[in-house]
Every structure is written in C-alpha cells, then in structure tokens.
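**Student:** Please take these sequences and the hints and turn them into a complete structure.
Protein chains: 2
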Amino acid sequence: MNRRLTGLFDTDDISVEDQDLLEYGQDWTRFYKPDPSAVVFPRNAQQVRDLVELARKDHLGLVPSGGRTGMSGGACAIDKEIVVSFQKMNAIMEFDRDDATLTVEPGVVTANLQQRAWDEGLFYPVDFGSSGSSYIGGNIATNAGGIKVLRYGMTRNWVAGLKVVTGNGDLLELNGGLVKNNTGYDLRHLFVGSEGTLGFIVEATMKLTGQPLPASVVLLAVPNMSDCLKILQVFRKGLTLNAFEFFSDNAMEKVLSVSEFSRPIDTESPYYVLLEFERSDKTALERAEASFAKCLKQGLLVDGIIASSEQQNKQLWQYRERITESITSRTPYKNDIAVRPSQVPSFLRAIEQVTSRYFPEFEIVWFGHIGDGNLHLNILRPEDWDVSSFKTACDELNHHILDLVSTFKGSVSAEHGIGLLKKAYLPYTRSEREIDLLRNLKQVFDPDSIMNPGKLI
Amino acid sequence: MNRRLTGLFDTDDISVEDQDLLEYGQDWTRFYKPDPSAVVFPRNAQQVRDLVELARKDHLGLVPSGGRTGMSGGACAIDKEIVVSFQKMNAIMEFDRDDATLTVEPGVVTANLQQRAWDEGLFYPVDFGSSGSSYIGGNIATNAGGIKVLRYGMTRNWVAGLKVVTGNGDLLELNGGLVKNNTGYDLRHLFVGSEGTLGFIVEATMKLTGQPLPASVVLLAVPNMSDCLKILQVFRKGLTLNAFEFFSDNAMEKVLSVSEFSRPIDTESPYYVLLEFERSDKTALERAEASFAKCLKQGLLVDGIIASSEQQNKQLWQYRERITESITSRTPYKNDIAVRPSQVPSFLRAIEQVTSRYFPEFEIVWFGHIGDGNLHLNILRPEDWDVSSFKTACDELNHHILDLVSTFKGSVSAEHGIGLLKKAYLPYTRSEREIDLLRNLKQVFDPDSIMNPGKLI
Chain A
73 MNRRLTGLFD TDDISVEDQD LLEYGQDWTR FYKPDPSAVV FPRNAQQVRD
123 LVELARKDHL GLVPSGGRTG MSGGACAIDK EIVVSFQKMN AIMEFDRDDA
173 TLTVEPGVVT ANLQQRAWDE GLFYPVDFGS SGSSYIGGNI ATNAGGIKVL
223 RYGMTRNWVA GLKVVTGNGD LLELNGGLVK NNTGYDLRHL FVGSEGTLGF
273 IVEATMKLTG QPLPASVVLL AVPNMSDCLK ILQVFRKGLT LNAFEFFSDN
323 AMEKVLSVSE FSRPIDTESP YYVLLEFERS DKTALERAEA SFAKCLKQGL
373 LVDGIIASSE QQNKQLWQYR ERITESITSR TPYKNDIAVR PSQVPSFLRA
423 IEQVTSRYFP EFEIVWFGHI GDGNLHLNIL RPEDWDVSSF KTACDELNHH
473 ILDLVSTFKG SVSAEHGIGL LKKAYLPYTR SEREIDLLRN LKQVFDPDSI
523 MNPGKLI
Chain B
73 MNRRLTGLFD TDDISVEDQD LLEYGQDWTR FYKPDPSAVV FPRNAQQVRD
123 LVELARKDHL GLVPSGGRTG MSGGACAIDK EIVVSFQKMN AIMEFDRDDA
173 TLTVEPGVVT ANLQQRAWDE GLFYPVDFGS SGSSYIGGNI ATNAGGIKVL
223 RYGMTRNWVA GLKVVTGNGD LLELNGGLVK NNTGYDLRHL FVGSEGTLGF
273 IVEATMKLTG QPLPASVVLL AVPNMSDCLK ILQVFRKGLT LNAFEFFSDN
323 AMEKVLSVSE FSRPIDTESP YYVLLEFERS DKTALERAEA SFAKCLKQGL
373 LVDGIIASSE QQNKQLWQYR ERITESITSR TPYKNDIAVR PSQVPSFLRA
423 IEQVTSRYFP EFEIVWFGHI GDGNLHLNIL RPEDWDVSSF KTACDELNHH
473 ILDLVSTFKG SVSAEHGIGL LKKAYLPYTR SEREIDLLRN LKQVFDPDSI
523 MNPGKLI
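So the protein lines, in turn, are chains A and B. Numbering follows the working numbering, in which position 407 of the first sequence is assigned residue number 479; successive positions increment by one, without gaps. Numbering follows the working numbering, in which position 213 of the second sequence is assigned residue number 285; successive positions increment by one, without gaps.
In short, the hints are calculated from the structure, not lab data. Even glycine gets a Cβ: it sits at the ideal position worked out from N, Cα and C. Keep in mind that a hint or two might mislead.
Just some of the chain B residues that point at chain A, by a computed CB distance under 10 Å [what the hints assert, rightly or not]:
no., residue
1, 246
2, 257
3, 512
**Tutor:** Here's what the structure looks like:
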C-alpha cells in the first residue's frame, strides 16, 4: 500500500514512523489506542481526490486530521486507516473586503484566522479554549461552538462556502460565498458537523463581522437556579450580551481552593451567573446597573459586582475559566449536554435527584453556557473511591442521565460531536428511523464507507 | 381514488370542485395550467402520514400548498396530483418566553406569526411583500428571504425545530428547538429550502428576537455603481443597517411617472442607494451624518437626504417599493439572481454589455438588495414590440444572462427557489455531479417520487 501512496505523495508528505502514527492517529480523547497504517499530508485538493480514488479501489479507510483537539474521538485512527493530516494545507488564500470573507485551506489554525481577520479590521467570532491549535477544517467538520455562541452562534453560521472532496471522489463547490442562494438542497449545511464521514473539506470561505466594542463583566449571586433565566431576560432587554454563563457554589469553592483568589462577592449563594455585555454607548453601563437593581428588587439575586476595568473583567472570568482545572484531581465524570434553555432548571434538578438516589455520596459541580441551554455536568469522584469503581458507577449512572436527556428532548452532544465516543448515545435523542436515514445519506456521498469509517454512525 | 381519500378525510376536508382545483392547483406563477385531481385539507400530522402511505401504494403525486404566493411554480399541480393544502393546520401551538420561540402549524400566515411575536414583546424579522398571505410552512420550504436579510438573514436562520413527514411516511422531529446540538447530520437544514420534495412540514418552532429600535431612512445619489459597496462599508462601520437597497435612475423616473411624488433629491444621478439604520442611541443620527459627510468628501455620493420623521421614512421607501408597479405595463422580463456582493458592479456591467450587444433597444431597470448581492433585473419591452416577440427575444437573451451568472459563480435563484420554472437553469450554477447527488438525496427520503414530483430536480 505504501508503494501506491508514494505514487501520489512526495516522500516528505508520507510517514509511517511510530511517533507520527501515534501522534496523528488520535485527538484529545485518550480512550482509544491509535493504530493507523500511515499518515499522509496532502498539499492540494487534487491529491485528496487521488487518495480517495486509491482508497475506493483498495478498500482503505481515511481518517481526517486537523489540530487533533477533538473530545469525542472523531479524529482517531484505530483500525489501520490512513490518516489524512491537513497540516500542510494551511494557506489563507483570499481576503475579500467587500464580502467580508476569508477563504482558507482547512489546515489554518483557528487563531491565525482570527488574527488575520483582526488585522484587516474585522472579526472572526467563533472562539474556544483550543483556538491556538485547532484547525478551521475541524471546526467546520464538528460545527464547533465555544464561549460566544449566545452572541454569535456556532461555526455553521460563519460558513459562506465550502469545497469538499466526497467519498465518491467528487470535488464539490458548495455555495461559493453567496448570501442568498435558493437552488436546491443546501449541501453546505449537510457537510458542516458531518465529522468527515461524507467527505473532507479542502477549502472554506468564512464570513467575518465587525470588531466588538469594549465589554464589561458582571458576576451575580443567585439563590434559585430557575431565576437565572429571568435574570437573562432582564439583562437581555437593554444590552447586547456576549456571554451568559452559570456555575454552582461548589464550583466557586473549588476555584478558591486552588487559587489565591478571594471571594469576589461576600454573600454566598447556591449559584452564580457571569455575564458579559457590550458597552455599545455611554449609557450601557447605566442600563446594566438598572438591570441589576431591577433583579435585586425582584429578589432574583442577592448580591453582585460589575467590573470597572479590563483587568477586573479578566479577573471575574477566571472564576468561571478555572473550574475545570480545579476539579481535575477528582477525576470528574463529564458530560456535554444541552436542553432548551427554558428546560435547564428542571433538567438540572432531575439530574441531581437521579444522582443522589443512586449515588448519594457523589458531588455534582455544574457550570455551563446557560443562555444556550448547554450544561457541563461534572460528577466528582469521592476522595475514598478508586478511579476504577468510580468509572463503573458512572457508566451505570450515565444511562439514567441519558434517559433524562431523552425525556427532556435534549442533545447528547451539544458541542463536541459524536465521533467514536458517543455513537452508542445517538439513539437517546435520534429515532431509529432517523439514524437509518443518516446511514442512507452517508451512502449517497460515501458508498464504499471509506470516509472516517466507524465514526458518528 | 376519491373513495380511498374519503377513508382518510372528512367530506369537508376534500374537494374536487373545479373552482378549488383551479385555485389550489397553482401559485403566483401564471405559466402553468393547474390540473390536480383533488385538494385535501389535513387537520394533523397523522392524516399527512396516512395520505403519504396511500400515495405510495397508489403511486399518486402530492403537491404541498401554503399561501400560494410562490414565484417559481413550486406549488403548482399540473399532472393530476393531489394538492395538500395546509390551510386548516393553522394553529399557533406554543409560545416559550424563556426560549423566545413560537411553535406553529405550517398553515399559519406569516403576518399572524409576526403579530403574535409582537404581542409577546418580541419580533419575527423575516418579512416580505406577501407576508399577509404566505404561510410559514411555505416560507421554510422555500427558505424565504425578503427586505431585511442584510440584518436578520433568511428564514433558515430562524428555524429552531421542525416536524416533517417524509416521502417514506416517517414523522421526523428535527432539532426540537435546541440551540446547540451536534449529533450527526443536521436534517433540519436539508429540509429548509427543499420545496416539499423530501417531505412536508407539519410543525415548526421559530426563533424570535427583540423588537427593533426606531430606524431612519437615508436616500443617496451615487454616480458610480461600484461606489455603492464603499458607501456600504462606511455606513456599516458605526451603524446597524436594516437594509441597503439600490436602484437605477430610470427606476426612479418610472416611479415619478406613475406617482405624484417629486424628486426627493435635486441632483440627478445614475444610481440611488436607500439604506435604513437603527437609531440605537442618541448619537446614531450624528454617526449617520458623519458617514454621509465622509462619503461626500470622498466623492462617493453627490447628494442625499436623511429622513427626519417616521412619515418621511415611509415616503423614501416608496421610491424603492413602487418600482415593480411602475414598470408592469412594459411586461418586464424579470430575473431573481445573486452574486457575491463584491461582484455586483462588474456583474451588472457585464449584463448591460451583453444586453446592448444583442438587443440595443432594450432598456434595463435595476433594483435590488445590493448588501446581499441579490439583484432584480428587469428588462423592459420596447413600446413598439409585441409581447410575443419580446418573450422570444428574452428567452434568447436569457441564455447569455445565465451564462454570466455561471461565470460569476452566482445563483440563478436568490430567493424564489427553483420549482418548475427554473429547473432548466440549475445546471448553470450546480455541477452535473451535484445535481445527481441531489437526486440521490431525494431518493433517500422519497423513494417513490411522490413528494412534489417534478419540482426542483
């Protein structure tokens, strides 16, 4: 097989080194043993097409690989597949000021795209922790979300055009940057979030927007979870919100325990809301203060603080951002789930009830993007439990949690995709018939099942 | 067949009256002779499923029918199909304040949805001339656009969840109002704009947003078409633009000739730009005036007017809105095309060149949503030509125009869909291979080709 690959790629662009197979054969998921047969680094779309032709003939699986920051095993090669790394297709090809778009190769690091947009006086708003290493191709293939979804939406909203190579070997040009185009099924949207199972992205045209105005951060102490949504309504009325996050009091305590931070608010409270609003004009701060006063008067919150400087903005964000780090030693069971925002309070209660019924000794740390209905559930291992018993218990608990997601008509993967990790979860929120249809759709674009085989469906 | 239909529907919900067959068998397109075999009015999703089962068994075509305001023959029954009117599925089912969504049946008139949102203190922003009669189901099936796309995007952006009955008879619940959901291919987006060829919408959850702030309208006299985009850049910088329209001087003259309006701007100019900006705060007007001054100084415009009252806003809009009416007597050849906004000036020049090369006596009236790249091309019949020779000439010219759309990688249908009318145009902007794939996709959801047969592909 390697001989045939060398017909398509320069020697520099193929590797079978153990180190490379290990490194390129997996993403951030650490449950799967990487076992690809080779890694290739195409330089252009034609090479990708030629590779697909070869793969069809020889029944080889192809696994796309970007910045390898995925959390669901969507970019793991565990069964002798060929890893197709887009590392060498990393050119920013065209900036169009009139259209406010950047056309890029899939291997462009998200942060580089963001930087280039900024240098042009514009803004690419989809942002998350792994922006410094994730690739835009992977962002699109997984429809990445992140910390500003409330304001700007997911990656899907920013894809103006795509070039893809399908499992049929076709090179398709989808939508080509048009704002308005109603000429049949929008295949662009089918490819966004398809995790490389229909085809590989070889070029993308991304929309940009204006640079954001300065923002201020507000931290609020909230006694009742269900009031968070009411607070959202009040603040949303007069202000543009960039983020609306929540976390539980024990999350706050965990952060305090690993940092030298003091409590930002004296009054203790079961929940905290962290929001960021744009200072769109001189009166925005006054409007924020009025919203604060209104919530206080209605008993929705008991205390709070509005940052008065960029430095204090950053400081307040730290209480939210350092939660993950603060609980790592407790080997948390994590889940990335979503329900409709209106369902968050009762969904959260239901999960707490089911957890305490089966495992009263388990502690739950909550945080998440409540404005999007996206919750990060973290269940901590009791200090006196070993990791393996904890994992077994969590696997048991998991079924009950997924049952609840199903009852609440939520999502088993809000922003991390399905990959290998969550394939078994799919039937909790998509019907058997719908999953059949997904399989049939894949068949249309990838009849030989060579594109990221075994992932998603 | 009618006996079998009566097994599924009450007598009141079936009609074979000539008058009904004629009325429900067509949309606003007037090129096709309606010839359905019956019209049915389902009351719920189950009746739609039963009907699909019957249609599969008996090989009957089903044509969905909403407000019948389509412009491409997407809702015409010309071959003994059964028309499925959603007129009686017109309930607004649920308003969710926390999610800011309205869940509705497909037969809800767009204006009723808009009104209900407004009554709840919110806003449904997709708006167009036919809002008073079009149905939301049809809006979604055709991904309707309209006059505020620059600000709010097309219908697609506002669909939070769909229930559809496919040609397989499956009832699918797609996305269910979730903001974040990355669990496989997003079928919701596949159904939006599919013109009833994959399945029929039986319920939709639509997102709402905050009510808009008061706006002001600006009319500008612009000597050079290519400067319109520069003007857009300048005004966009400090202001939120609801609309950015343009029209040519002869469009202005035609409006003046049918109205008692006087010229709104003394200075004559080949092009006019009409823009609307939100008065987001007290300084918005000053920012608009500064943008105006900047454009004037740069020579991008030669004159202009900023409306100083709501009444004047409406008056200025009239110069744009009455264009269609003012040219009707000239039986214009119309086209709804789009290119990337940056391509508008050269595309427009190219069309003018090709038209004057073949038919120098033809007059072109331009108007459109330039901010979206969507142009409405209107070629007027010379007064001394009869309609039939003009039509023949336009059919000839049409090929050259579509060739240009193809060269510019534009869209042959920006906002009106394909239906019956533009099927032959599809190959100008979508490759043969892509059209094959569209057919294969249809096959997955509608293996017996009973759902709106003959439309789109």
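**Student:** Against this structure, judge whether each hint is valid.
**Tutor:** Hint by hint, here is what the structure shows:
1. Evaluation of the residue 246 (chain B) hint against chain A yields a held restraint, the C-beta minimum of about 8 Å falling below 10 Å.
2. Among the interface hints, the one on residue 257 (chain B) holds; its C-beta lies about 6 Å from the nearest C-beta in chain A, closer than the 10 Å criterion.
3. For residue 512 (chain B), the interface hint holds, the least distance from its beta-carbon to any beta-carbon of chain A being 4 Å, beneath 10 Å.
Checked against the numbered hints above, the structure breaks none of them.
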